[in-house]
Every structure is written in C-alpha cells, then in structure tokens.
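Visitor: Whole structure, please, built from the sequences with the hints as guidance.
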Amino acid sequence: DARVTQTPRHKVTEMGQEVTMRCQPILGHNTVFWYRQTMMQGLELLAYFRNRAPLDDSGMPKDRFSAEMPDATLATLKIQPSEPRDSAVYFCASGLVSGNTEAFFGQGTRLTVV
Amino acid sequence: GESVGLHLPTLSVQEGDNSIINCAYSNSASDYFIWYKQESGKGPQFIIDIRSNMDKRQGQRVTVLLNKTVKHLSLQIAATQPGDSAVYFCAESSTASKLTFGTGTRLQVTL
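Just so you know, the sequences run in chain order C and W. So that you can map any letter, position 43 of the first sequence is 547 in this note's numbering, and since no number is skipped, the others follow by simple counting. So that you can map any letter, position 61 of the second sequence is 1211 in this note's numbering, and since no number is skipped, the others follow by simple counting.
These are calculated hints, taken from the structure and not from any lab test. Accuracy of the hints is not assured; some may be wrong.
[To be verified] SDA-like, lysine to any residue: derived pairs with alpha carbons at most 25 Å apart:
#, chain 1, residue 1, chain 2, residue 2
1, C, 515, W, 1191
2, W, 1218, C, 549
3, W, 1248, C, 548
4, W, 1192, C, 614
5, W, 1218, C, 530
6, W, 1192, C, 616
7, W, 1192, C, 549
8, W, 1221, C, 549
9, W, 1192, C, 592
10, W, 1248, C, 544
11, W, 1248, C, 518
12, W, 1221, W, 1237
13, W, 1221, W, 1157
14, W, 1192, W, 1237
15, C, 515, C, 566
16, W, 1192, C, 506
17, C, 566, C, 526
18, C, 515, C, 582
19, W, 1248, C, 511
20, W, 1192, C, 580
[What the hints assert, rightly or not] So these bits of chain C aren't anywhere near chain W, every CB distance computed over 12 Å:
#, residue
21, 526
22, 535
23, 556
24, 569
25, 573
26, 580
27, 605
28, 611
We treat Cβ as the ideally placed atom computed from N, Cα and C, and that holds for glycine.
Guide: What follows is the structure in structure tokens.
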C-alpha cells in the first residue's frame, strides 16, 4: 500500500530549538510538496520540489525555514530557531507531474512550539 | 488580542440527501482541479479530479462540475452518508505549477 510517510507525527519543542520534519514520498513520485495548515491561514504551500530540485519556496520564511531533498526517498523541512507562531500541522505530499496528477498527502506532523 | 480563525463555511445535510459543495477559483490559467476530503486528524485525501477540457466528471457517488466561464467548481455527493462528514477542499493548478488550495467547506451530515 503506497503512501507518503511523515515523521514525527507529533512534536512539542521549546521556542528557539531546531525542528526537523521528515517525509518519505511515494516511490517513483517526482514532485514533493510541503504545506502548513493552521486555523488562521488554512493550507499554505511552503515549498515544492521536482526531481529533487526546489521549484518554488516563496511561501517559506527564508530566515528560519529550509527544505531539502537529500535523495529521492527523503524530503526534510527544518525550522531553526522555532517560534510559537510556527505551531501548525505540516503536511508533505507527493505526486507525478506529467500533465498534472493529484498529490497524495501524508498524515502530517503536528508541531507545537511553547 | 483575540485570535480569529478561518471561518469555514458549513454545509449541513441530512443523511441520504445530496450535497453540493461549491468553490470559486481565481486563476484563469488553471487547467487541472481536484477535490480533497480531510477528516479530523488526517491529511487531505483525493476524491476526484477534472481537467479543463471537460465540464463534468463522475466517480462513485461523486460528480465534479467545472464552469470555466465563471471560474466555478462544484462537488456533488449523492446519498450523503455520516462517513462523508469532513472538510472538503478544492485545489487548482496549471501545467507544471503548484497546487493551490481553497479555504475549505465543512460538511456535517445529520441523522
């Protein structure tokens, strides 16, 4: 059963600490998205990659957020230093882009920064 | 100060009735549209998609209608069931671009 896997599912951390969220996209998918979901803003696109190259990270605060794909099976989203306003659910999604297809979402990482 | 969350429109439907959820999009260049369902504590789940060369597509109990003239998308759910209760999002993209989500509609199914 192919699925997008995100770890950890929940993370509580203190303000100022570094947070790393990981995502394993579905094998063979060449596009990976990072979304953030909050009550205030809904689902916001932070960044996305195609064939491991970053295509658009305009939704991401550059001073503290970074997204990478060290290899085709791993995408990471890092926040350093974390702030209380970063508290949200972070979703990773993967898909195949050849004439557009749907993105498959992971279960999300619920981040709480205290 | 008081924080204000997104006010999600809510559609309340009786079990067995049909549901219609609407979505307006803004980008006239968008050529691919998806409906997602999100249950509490889970990630969005694909329901049905439609490309801009079509105006209607049917799945199992669901139909998506696309009106490109007024940039409007709708999701129809036939014989709504309690398990259909969730937040529904429309999403749009244009070729080789990012998938952008709407704010969502909460569907409540009453018995």
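Visitor: Residue 605 of chain C clear of chain W by more than 12 Å, beta carbon to beta carbon?
Guide: Residue 605 of chain C is in fact no farther than 12 Å from some Cβ atom of chain W, at 8 Å.
Visitor: Against the 25 Å threshold, does the CA-CA distance of residue 1248 of chain W and residue 518 of chain C hold or violate the hint?
Guide: 32 Å, violated
Visitor: Checking one constraint from the list: CA of residue 1248 of chain W to CA of residue 511 of chain C, max 25 Å. Satisfied?
Guide: 23 Å, holds
Visitor: With the threshold set at 25 Å, check whether the alpha-carbon distance from residue 1218 of chain W to residue 530 of chain C stays at or below it.
Guide: This hinted pair is violated, its Cα atoms lying about 32 Å apart.
Visitor: Given the hinted pair residue 1192 of chain W and residue 616 of chain C, is their Cα-Cα distance within 25 Å?
Guide: Holds, at roughly 17 Å.
Visitor: Can we confirm that no CB of chain W comes within 12 Å of the CB of residue 556 of chain C?
Guide: 16 Å, holds
Visitor: Quickly compare the C-alpha distance for residue 1221 of chain W and residue 549 of chain C to 25 Å and report which way the hint goes.
Guide: Since the Cα atoms of residue 1221 of chain W and residue 549 of chain C sit roughly 21 Å apart, the hinted pair holds (cutoff 25 Å).
Visitor: Is the Cβ of residue 580 of chain C more than 12 Å away from each Cβ in chain W?
Guide: 18 Å, holds
Visitor: Are residue 1192 of chain W and residue 506 of chain C close enough, with their CA atoms no more than 25 Å apart?
Guide: Status holds; Cα separation ~16 Å.
Visitor: Within 25 Å, alpha carbon to alpha carbon, are residue 1192 of chain W and residue 592 of chain C?
Guide: Distance ~13 Å between residue 1192 of chain W and residue 592 of chain C Cα, so the pair holds.
Visitor: For the pair supplied as a hint, residue 1192 of chain W and residue 1237 of chain W, confirm whether the alpha-carbon distance does not exceed 25 Å.
Guide: 11 Å, holds
Visitor: Would the pair residue 1218 of chain W and residue 549 of chain C pass a check requiring their Cα atoms to be no farther apart than 25 Å?
Guide: 24 Å, holds
Consistency with the previously given hints fails for numbers 5, 11, 22, 27 and 28, ordered from lowest to highest.
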